[in-house]
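Colleague: The residues making up each chain are set out below.
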Amino acid sequence: MAVLPAFGYLPALGGQALSLTPWQDLLAQPGLARSVILSFTTGLVTTAVSVVVVLLFLAGVAGTRLDRWIQRLVSPLLSVPHAAAAFGLAFLIAPSGLIARFVSPGLTGWERPPDWQIVQDPWGISLMAGLILKELPFLLLMSLAMLPQLDPVRRTQMARSLGYHPTLAWLKVVTPALYPLIRLPIFAVIAYASSVVDVAMILGPTMPPTLAVSILSWFHDPDLSRRFMASAGALLQLGVTAMALLTWWMLERGIRYLGYRWVMNGHRRRGDAMLRNTGKILILLATLTAFIGLGSLALNSAAGFWHFPDLLPQGFTPRHWQHALPELSVSLITTLVVAIISTLAALILVLAALENEQRTGRRPSEARLQSAQGLLYLPLIVPQIAFLFGLAVVLESLGIRIPSVMVVFGHLLFVLPYVFLALSEAYRRFDPRWLHLAASLGTSQNAAFWRIRFPMLLGPILTAIAVGLAISIGLYLPTQLLGAGRLPTVTTEAVALAAGGSRRIIGVWALTQACLPLLGFILALGLPRLLWARRQGMKGTL
Amino acid sequence: MTHRLTLEQVRLSLQHRALVELDATIGPGEVLTIMGPSGSGKSSLLAWVAGFLNPVFTVSGRVRLDGCDITRLPAEQRRIGLLFQDAMLFPHLSVEGNLRFGMPRHTPDKAARIQTALEEIGLPGFGDRDPATLSGGQQARVALMRLLLSDPCAVLLDEPFSKLDAHLRHEMRQLVFGHLHRAKLPSLLVTHDREDAADAAGRVIELTN
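Chains as they are written, first to last, in the working numbering: chain B, 720 to 1261; chain L, 6 to 214.
Everything labelled a hint here was simulated from the structure, so no lab data went into it. There may be inaccurate statements among the hints.
Label pairs and their computed distance ranges (CB to CB) [stated by the list, open to error]: (1) B/ILE1060 - L/GLY127: 28 to 36 Å; (2) B/TRP788 - L/ALA117: 28 to 36 Å; (3) L/GLY44 - B/GLU1144: 24 to 32 Å; (4) B/ARG874 - L/GLY72: 56 to 64 Å; (5) L/ARG199 - B/SER1163: 22 to 30 Å; (6) B/SER1163 - L/ASP133: 21 to 29 Å.
Residues of chain B placed beyond 10 Å of chain L at every Cβ, according to the derived structure [stated by the list, open to error]: (7) PRO867; (8) LEU903; (9) LEU1044; (10) PRO1045; (11) SER1163.
Virtual Cβ for every residue (Gly too), placed ideally from N, Cα, C.
Input sequences plus hints: build the corresponding full structure.
Modeller: Listed below in structure tokens is the structure:
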């Protein structure tokens, strides 16, 4: 739907005839090639590093206390919005950030921050680092969800009994089976990282920025005719992401061929300890970085005067919070209202779909159902900017111009697949005998849903709600593009501060954004414990 | 009130292969035992009578309860009770909540009936307990009472004793069959345990693979 405007056709803006002008304008943009390469490499490098680190870590997990501690530390990171994590990293690695303060002046001799471009570096390294901080927990938890069905313990035991050292045993016998199961999440990471806007505005290069950021700035240009070029850019972004996916797919083939030979080559020990430690150290480093980054948001939001090489501010003050409060509370309410409406709508749709699937006895393996669910995941694989561009055009041509409705609808599209992912497994695993029993006791299907299935699945349902809220709270582009800037949420306001906002204010907004999703998870964990305090049989359902 | 369960020229098949063929009437208080190895279709037969057979099976024939054809009735309107190998007490309800869940809505004196039922199975005062804190034998007894209080017209038993400890099994069978007999309920039992069939003291039909 972004296709027509890309060729100059958008009657609403006076584009009546098809032409190639938007493409000529686009190609004439300075730095376009660099933007494209940047987006492409960001997508692939981010994904490759994240996948390798996650696999190495999982291979080295031996159930030690450190391993469990790391896993427990990583999970809450999933709920932290991308933008907040990116700000945290920026505050950590900036020339006047915590790391520079920690080593100054002792190691460096710096009395004032060096004039280095660390954040927003032209090669996009800090951008990739920021994305990796968030994609690691995502891929790790996706893998952990899939692992039990592969019975990795018995597989590795078998390989170890054949003389393989534990980490190599895992890599050689579990990875080949795990990879196909986490392919969809990996593709989602490629698509996301190659087209991300909010993180790129915070950590990405500026001269030129990544393709997606450029497109957004053209879209917001007061000169409305630039929207045609933006549409062409959205199509180009689609192509760049498709190329990144295609490249990954080809790499996959090559690695499968080489990997097969590696699995078969019979080496049982070489490099085992090194592989194990690399995975552990890298994931620990990433996790600690993310947490210290969040800590530095908190530090900044409450800092008084803070002289450069000092590790801590000279004093703390609530002033920045007080100052931001009026605006903050308005955005907070908008954020929560949008998140709650879109999540509840998604929950109702998902419950209805799953309940219908169970009642009609249809299995997900059936072709039509599978393609319907494939459609559900589409927003995860198609770059947001291309997808939303088309959506905005469609909604506009349908005459829907109410920003609040459009934003809620846009959020719903992104919340829906995650709510579905979070709930479908528990729903399908639910023992059908409970419902048979309820029916034999004279309970109708609807009553059985409310009195048996809903309360027994309350834990997973609340978790799905928390996931949905977290996704909605963190969404930047749908709010920005569909709301036409008239629905400021905590996320859009925080990201808007990236260009030149004061650190103290950014700290306030980004910290609020980071903490908001946690409320949902606290509720999801706490409520069942409270309700089922006297029901031991309900403890295992979380 | 006495009830009669009739399986009329039933033929259950999977992909055109007949698994079970049966024509039988179960009188009030009678237990008909169906024995056979796993995969012989005995559990599918139960599922069909109860009203939730997986649609991959095809069945011809009818189920009649007291002469009425209930073959096409939804499960919740058939008034056929179930006992599984697990007690399956709803984990989110108390013992009393479980018993109350199955009682017809307009039953008079629900609380008094529940109290009597709990006394009858030697668990007086257990109403407020979390079912997960009960022993396996106690849970099985509560499940039996939940079934009886729901006032069914017939009962289906799916290997209900197979998960109990050996020393409990005989005692539990006596309790279950005694109650079913006294309530004059027609019952259909599927099992692969010969002792179940012996204690049921009714007709036995053996399925082969």
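Colleague: Next, verify each hint and record whether it holds.
Modeller: Cross-check of the supplied hints:
1. B/ILE1060 - L/GLY127: 28 to 36 Å: About 53 Å separates the Cβ atoms of B/ILE1060 and L/GLY127, which means 28 to 36 Å is violated.
2. B/TRP788 - L/ALA117: 28 to 36 Å: Once the Cβ atoms are compared, 55 Å apart, the range 28 to 36 Å for L/ALA117 and B/TRP788 is violated.
3. L/GLY44 - B/GLU1144: 24 to 32 Å: holds, 28 Å
4. B/ARG874 - L/GLY72: 56 to 64 Å: The hint (56 to 64 Å, Cβ to Cβ) holds, given that B/ARG874 and L/GLY72 are roughly 58 Å apart.
5. L/ARG199 - B/SER1163: 22 to 30 Å: With Cβ atoms ~39 Å apart, the hint is violated.
6. B/SER1163 - L/ASP133: 21 to 29 Å: holds, 28 Å
7. PRO867: B/PRO867 clear of chain L: closest Cβ-Cβ about 22 Å, beyond 10 Å.
8. LEU903: B/LEU903 is indeed farther than 10 Å from all Cβ atoms of chain L, at 29 Å.
9. LEU1044: holds, 42 Å
10. PRO1045: The claim stands: B/PRO1045 keeps its Cβ more than 10 Å from every Cβ of chain L (closest is about 44 Å).
11. SER1163: violated, 5 Å
The structure fails to meet hints 1, 2, 5, 11 from the earlier list, while all remaining hints are met.
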